[in-house]
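Novice: Sequence:
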Amino acid sequence: MTLEASRPGPLSRRRFLALTAGLAAAAPLAAACTSASESAGPDPLVALATRARADADLARAVANTHPDLAAAAGVVAADRTAHAEALEREVRRVQPEGAPAPSGTASAAPGAPASPTAAETGLVEALRAAEKEAKDVVVAVPRYRAGLVGSVAASCASLREVLA
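In mature numbering (1 follows the signal peptide of the UniProt record, and there is no 0), the protein residues as written are -32 to -1, 1 to 132.
No wet-lab data here; the hints were simulated from the structure. Accuracy of the hints is not assured; some may be wrong.
[To be verified] With beta-carbon atoms standing in for the labels, derived distance ranges: (1) Leu(-22) to Val107: 37 to 45 Å; (2) Gly42 to Ser119: 17 to 25 Å; (3) Arg96 to Glu53: 19 to 27 Å; (4) Gly42 to Pro10: 28 to 36 Å.
Each residue gets a CB set at the ideal place from its N, CA and C atoms; glycine is no exception.
With the hints as extra help, turn the sequences into a complete structure.
Specialist: Here is the structure:
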């Protein structure tokens, strides 16, 4: 009597179909279990919206204090208000209940610097900081939110050119 090493034979059609069906059913379950939860921490768009509101307030203060900068500061105020509204809409869309309402700044409205040069520099620096913050956030958010955040960053860069 000869003992032959038991080797698995070729995969039968029935076994192949069963394995394929099992893998097809398990793939969505594995993806659902491994995806990161968006509610794991604070929504980074809330901070971006708060900064946009603060920048809009600063731009309005500059426009009211320095008539020679009023046109450019008015554009900055309008665009940063639009950024804040778009970011807040996205936060509410993702977390319709229990989402913090990012509808204002935590501190008092900023005053415009006394000199026009300092006011312009303050706006440029605020936009530079907002652009950097948005660039930092864009890599951490899902792709469908990255478009919005990237648009905010690009707009901040172009607004700096308006002031230049």
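Novice: Now tell me, hint by hint, if it's right for this structure.
Specialist: Status of the hints after comparison with the structure:
1. Leu(-22) to Val107: 37 to 45 Å: holds (43 Å)
2. Gly42 to Ser119: 17 to 25 Å: holds (20 Å)
3. Arg96 to Glu53: 19 to 27 Å: Given a distance of about 22 Å, which is inside 19 to 27 Å, the answer is holds.
4. Gly42 to Pro10: 28 to 36 Å: holds (32 Å)
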